[in-house]
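Which chain is which? The protein sequence lines are A and B, in order. Under my numbering, the first residue of the first sequence carries the number 1, and numbering increases by one thereafter. Under my numbering, the first residue of the second sequence carries the number 660, and numbering increases by one thereafter.
Among these hints, one or two may not hold up.
[What the hints assert, rightly or not] Capping the alpha-carbon separation at 30 Å, the derived lysine-lysine pairs in DSSO-like fashion look like this: (1) Lys282/A x Lys663/B; (2) Lys527/A x Lys545/A; (3) Lys404/A x Lys663/B; (4) Lys61/A x Lys709/B; (5) Lys663/B x Lys403/A; (6) Lys663/B x Lys110/A; (7) Lys709/B x Lys63/A; (8) Lys66/A x Lys709/B; (9) Lys527/A x Lys709/B; (10) Lys709/B x Lys171/A; (11) Lys171/A x Lys63/A; (12) Lys624/A x Lys663/B; (13) Lys527/A x Lys663/B.
The hints are simulated quantities; they were obtained by calculation from the structure and are not laboratory data.
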Amino acid sequence: MSSGDKILAEAKERATNIAPVILIGNPNVGKSALFGALSGRYVEVSNYPGTTVDYAAGWIKLKGEKIRLFDSPGADSLSPVSEDEIVTRDLLLLNPDSRIICVADSKNLKRGLVLLSQLAEFGRKVILALNMADEAKLTGINIDNDRLAEILGIPVVSTVATQRRGIERLKEALHEAAVPSIPVDYNGEILTAVNEIEDKLGDIYHGARGISLSFLSGDNGLPSGIGKQLTELDLNRIKQVKMRLESAIAEPLGFIIAKRRNDSIQSIVDQIVEAKKTTGQKAFQIIGQLSLHPYYGIPILITILIGIYYFVGVFGAQTLVGVLEENLFRGIINPFFERVFNLIPVQFIRDLFVGEFGIITMAVTYALALILPIVTAFFLVFGVLEDSGYLPRLAFMVDRIFKKIGLNGRAVLPMILGLGCDTMAVLTARILYSRKEKILVTLLLALAVPCSAQLGVTLGILASISLSAVLIWMMVIVAVIFLVGYLASKVIPGRSSEFILEIPPLRLPRIENIVVKTLMRLEWYLKEAVPLFILGTLVLFVLDKIKVLQLIMKLFAPISAGILGLPEKSAEAFILGFLRRDYGAAGFKNMFDNGILDPVGAIVAMTTITLFVPCIANFFIIIKERGLKTALLMVSLIVPFAITVGGILNLALRGFALW
Amino acid sequence: MVAKCPVCGYRFDSSLSQTCGGCPVGSDCERICCPNCHYGWIESTPLVNKLMYLFRKEKAVGRS
Ligand SMILES: Nc1nc2c(ncn2[C@@H]2O[C@H](COP(=O)(O)OP(=O)(O)OP(=O)(O)O)[C@@H](O)[C@H]2O)c(=O)[nH]1
Ligand SMILES: [Mg+2]
Ligand SMILES: [Zn+2]
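The shape of chain A in the complex, shown without the other chains:
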């Protein structure tokens, strides 16, 4: 775009942008969800107070007119305490003639009205959206909208942002936006001070009353840059007014102002809200609290684990994989490609694509028919855990268990939760620890902590073998993690206490959210994993063609057959597993399905591979961060350790007839 075009475009925007509309409301009330519903633009919506940290802009169509729409970070007060609140307050001041959609949680009207009363003091034209009307109904909260609209003198619309309910009415109501009337009964001294300050500010800012109160309430009350617009004299004078008031009143000003405001609003709320708790909401609240309880939290955790097992292990890894792999790929797709490639007279090309180590028959089939259904199921479950607010609770529980036995939970905790990032952890170790610690942390992480989707895939594949396979594997991995946690706590003492968690409310997860997150994770996973699958297949293909594969199998036999009790062919899967553990696991699953591997062999193989370096990316990071020598040293520690654990497991299961 040339600069001329740019100016034109900007002018055009200004012309249509007479008075923007701003969404303002308390944290986590659904502003971003409403923003999406109003503008059709996606911004992150998640069940977490403080998701939006900067304002986002989009467009809204009102009677054919395009108007700017802003989403803002959640704020409980326009006398800003947090950075988010400062962003919101400044957004408000920068757009003095904007109309405001004040978004309140219908379940907590009072909190919303506190903010609304401040908007009134800022002299803003507002309409009130009572969002989460569905949850309020479920909770048994009944709000008399008409009466409320009458008291406030502004339109009041109930909405359910996530189901796009009430959106049209909200748009229509915008034309009737007005300055709400919420008289707050401040006492005489405060009123006098407010009026004095308002006089000084009145010429500069629209809504000077709001700024005056905000200035009296706290440290961040004056918008930045105001000093430039006020004369030195006036600035000093308003500061004096505040000091005078402070000395006249015993309690902190902010506290008094907030209390007066609260009292006035409570009297409104009492008139129009009727609350009776329903069983549905009570249940959520109770479960939310129980899930944090040291004892009752455990059955909840176990229930969830069982749910994961059935959904990922049984439904994903057995039902879905069955349909995709046996019926679709082995039955239709692969025979089709085999026929197509058989038309090509060159044996080499045929082998490359549809041979034993063929890109289509091996890499693509494993990726799409075996691993894709499992990770999809796994990501869906994770989406539910994330969106419902259970994940922080899980972290809290696990951290407490770790602390009880004196282990450092913080270092390895989120990895245990499944979607940790090994690679990242290696990199943060760079900042956190001394050299000795760094190496140890890196080693421990690479050793024991299966990353993200790889965990899900391994779990799913084991589940398709048997439940006891999952349990045995889990016990071994948990034991190793505890060992790791113990060692880590010896090396890095005193860090466990810093782990601060915020716990959001537990709520029914949103299907759309889960679908979007799952799709994103799948896209990311496929992009990251499939190239490595193809690379791994090519490596096997080449090794096979130049007859080195046989040699490797022979060399490897003492370990695979001798120590681990596995067939020679397992060398193939181990080679794949070095590129990515999940690909290696898929290789073992294939051997198991073809009867080459017995159940004990499968468990031993999967456990061993879980303890390997997670993926080649991780290995490269270790080289880059710690140097080749350290990296090789680590591998030379990790691999024997993995094999030792596998060997012991093999002995235990076979030798002592534990199976």
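We have chain A already, so just place chain B with the ligands on it with the hints.
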């Protein structure tokens, strides 16, 4: 962009360059990792973003 961790609530700058710069997956990895607790998640990917945009536009037009 500022991101907030869904596990621990830690807030940080998610422009990955400084933290994941050394990773061979490269700059187009969409994963965000919390420096406080190492939890990793995906906030947006190009393809899904595009899909969502189309989908929502259709929905917005269809309903209004
Ligand atoms: N049941 C129900 N859930 C909703 C509704 N609106 C939003 N949510 C959910 O509430 C949570 C918060 O929504 P957001 O739109 O991120 O809230 P926000 O006000 O932008 O939050 P911050 O940006 O953190 O201040 C999400 O889990 C939404 O799916 C609603 O009307 N009904
Ligand atoms: Mg938001
Ligand atoms: Zn975190």
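Okay, the hints, checked on the actual structure:
no.: 1; hint: Lys282/A x Lys663/B; in the structure: holds (28 Å)
no.: 2; hint: Lys527/A x Lys545/A; in the structure: holds (28 Å)
no.: 3; hint: Lys404/A x Lys663/B; in the structure: holds (28 Å)
no.: 4; hint: Lys61/A x Lys709/B; in the structure: holds (21 Å)
no.: 5; hint: Lys663/B x Lys403/A; in the structure: holds (25 Å)
no.: 6; hint: Lys663/B x Lys110/A; in the structure: holds (27 Å)
no.: 7; hint: Lys709/B x Lys63/A; in the structure: holds (27 Å)
no.: 8; hint: Lys66/A x Lys709/B; in the structure: holds (22 Å)
no.: 9; hint: Lys527/A x Lys709/B; in the structure: holds (16 Å)
no.: 10; hint: Lys709/B x Lys171/A; in the structure: holds (26 Å)
no.: 11; hint: Lys171/A x Lys63/A; in the structure: holds (9 Å)
no.: 12; hint: Lys624/A x Lys663/B; in the structure: holds (28 Å)
no.: 13; hint: Lys527/A x Lys663/B; in the structure: holds (24 Å)
Of the numbered hints listed earlier, not one is contradicted by the structure.
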